[in-house]
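Visitor: First residue of the sequence shown? That's 1 in my numbering, and the numbers climb one at a time after it.
Keep in mind that a hint or two might mislead.
To be verified - Have a look at the derived ranges for each label pair, beta carbon to beta carbon: (1) Ser56 <-> Gln18: 19 to 25 Å; (2) Ile40 <-> Ser10: 21 to 27 Å; (3) Asn97 <-> Gly140: 35 to 41 Å; (4) Thr130 <-> Tyr57: 35 to 41 Å; (5) Tyr32 <-> His108: 28 to 34 Å; (6) Thr13 <-> Asn124: 25 to 31 Å; (7) Thr81 <-> Trp50: 19 to 25 Å; (8) Arg15 <-> Gly140: 32 to 38 Å; (9) Thr135 <-> Ser8: 36 to 42 Å.
Stated by the list, open to error - Below, computed lysine to any residue pairings styled on SDA-like, alpha-carbon distance capped at 25 Å: (10) Lys52 <-> Tyr6; (11) Lys52 <-> His83; (12) Lys52 <-> Ile123; (13) Lys52 <-> Ile100; (14) Lys52 <-> Asp150; (15) Lys52 <-> Ile90; (16) Lys52 <-> Val85; (17) Lys52 <-> Gly91; (18) Lys52 <-> Thr13; (19) Lys52 <-> Thr115; (20) Lys52 <-> Thr105; (21) Lys52 <-> Ser92; (22) Lys52 <-> Ser133; (23) Lys52 <-> Thr116; (24) Lys52 <-> Gly7; (25) Lys52 <-> Phe134; (26) Lys52 <-> His108.
Rather than coming from a laboratory, the hints here were simulated on the basis of the structure. In this text, all values refer to a predicted model and were calculated from it rather than measured experimentally. Built from N, CA and C at the ideal position, the CB exists for glycine as well.
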Amino acid sequence: INATAYGSLSTTTGRVNQALQFSSGPYISYSYTPFYFLGISGSSFTIALWAKPTGSYAQQTILLVEQPSGWCVHYLVMTSTGHLVANCWIGSNIATNGPIISLNTWTHIAYTYSTTNGIRLYINGNLNSTTGSFTFSGSGVPMRFVLGGDRVVRQYM
1 INATAYGSLS
11 TTTGRVNQAL
21 QFSSGPYISY
31 SYTPFYFLGI
41 SGSSFTIALW
51 AKPTGSYAQQ
61 TILLVEQPSG
71 WCVHYLVMTS
81 TGHLVANCWI
91 GSNIATNGPI
101 ISLNTWTHIA
111 YTYSTTNGIR
121 LYINGNLNST
131 TGSFTFSGSG
141 VPMRFVLGGD
151 RVVRQYM
């Protein structure tokens, strides 16, 4: 990934190879032309990642999909109690609440969206929760991925 880092990030042993280790402020940002489809109204997609919270739980943005000017569409956060929450912002939150993610354990997280099923949150390959059907209004421009940081939890949670 050719991304831009903001703040002090470090690497650690990952589930496969190395991983980035985030505290509550630092994050990375990555724009890529095919991410355009994440900004198209009603486009289906899947985002999957591995996460391993360490130490103690804190409100943390895991993933944010946004327009470079700051328009937020989809985001995945962890609450201060360790619950995973998958969200879509359509003027207000549409969210599905996931489980408490175990500390110091790698967890596979998949966030899928379709107009038929809405958001579906999968944990370690198993469907955990869903919102039901809805359609979001996309910006129609290429989107940016942001991993880590705390901007979303400060603004939307």
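Visitor: If a hint holds in the structure, say so; if it doesn't, say that too.
Guide: So, going through the hints one by one against the coordinates:
1. Ser56 <-> Gln18: 19 to 25 Å: Roughly 23 Å apart at Cβ, these two residues keep to the hinted range, so it holds.
2. Ile40 <-> Ser10: 21 to 27 Å: With Cβ atoms ~35 Å apart, the hint is violated.
3. Asn97 <-> Gly140: 35 to 41 Å: 30 Å, violated
4. Thr130 <-> Tyr57: 35 to 41 Å: Violated: the Cβ-Cβ distance is about 24 Å, outside 35 to 41 Å.
5. Tyr32 <-> His108: 28 to 34 Å: Violated, since tyrosine 32 and histidine 108 (Cβ atoms, about 22 Å apart) do not stay within the stated range.
6. Thr13 <-> Asn124: 25 to 31 Å: Violated - the Cβ-Cβ distance for threonine 13 and asparagine 124, about 19 Å, lies outside 25 to 31 Å.
7. Thr81 <-> Trp50: 19 to 25 Å: 21 Å, holds
8. Arg15 <-> Gly140: 32 to 38 Å: 35 Å, holds
9. Thr135 <-> Ser8: 36 to 42 Å: Holds, at about 39 Å.
10. Lys52 <-> Tyr6: 20 Å, holds
11. Lys52 <-> His83: At roughly 13 Å apart (the allowed maximum being 25 Å), histidine 83 and lysine 52 satisfy the hint.
12. Lys52 <-> Ile123: Roughly 13 Å separates the two Cα atoms, so the pair holds.
13. Lys52 <-> Ile100: 12 Å, holds
14. Lys52 <-> Asp150: Holds, at roughly 17 Å.
15. Lys52 <-> Ile90: 29 Å, violated
16. Lys52 <-> Val85: 15 Å, holds
17. Lys52 <-> Gly91: 31 Å, violated
18. Lys52 <-> Thr13: Status holds; Cα separation ~11 Å.
19. Lys52 <-> Thr115: Given that 25 Å is the threshold and the Cα spacing comes to 30 Å, the pair is violated.
20. Lys52 <-> Thr105: Answer holds: lysine 52 to threonine 105 is near 5 Å, not above 25 Å.
21. Lys52 <-> Ser92: Distance ~29 Å between lysine 52 and serine 92 Cα, so the pair is violated.
22. Lys52 <-> Ser133: Cα-Cα ~30 Å, so violated.
23. Lys52 <-> Thr116: Violated, at about 31 Å.
24. Lys52 <-> Gly7: Holds - the C-alpha atoms of glycine 7 and lysine 52 are around 20 Å apart, at most 25 Å.
25. Lys52 <-> Phe134: 30 Å, violated
26. Lys52 <-> His108: Given pair lysine 52, histidine 108 holds - Cα atoms ~9 Å apart, limit 25 Å.
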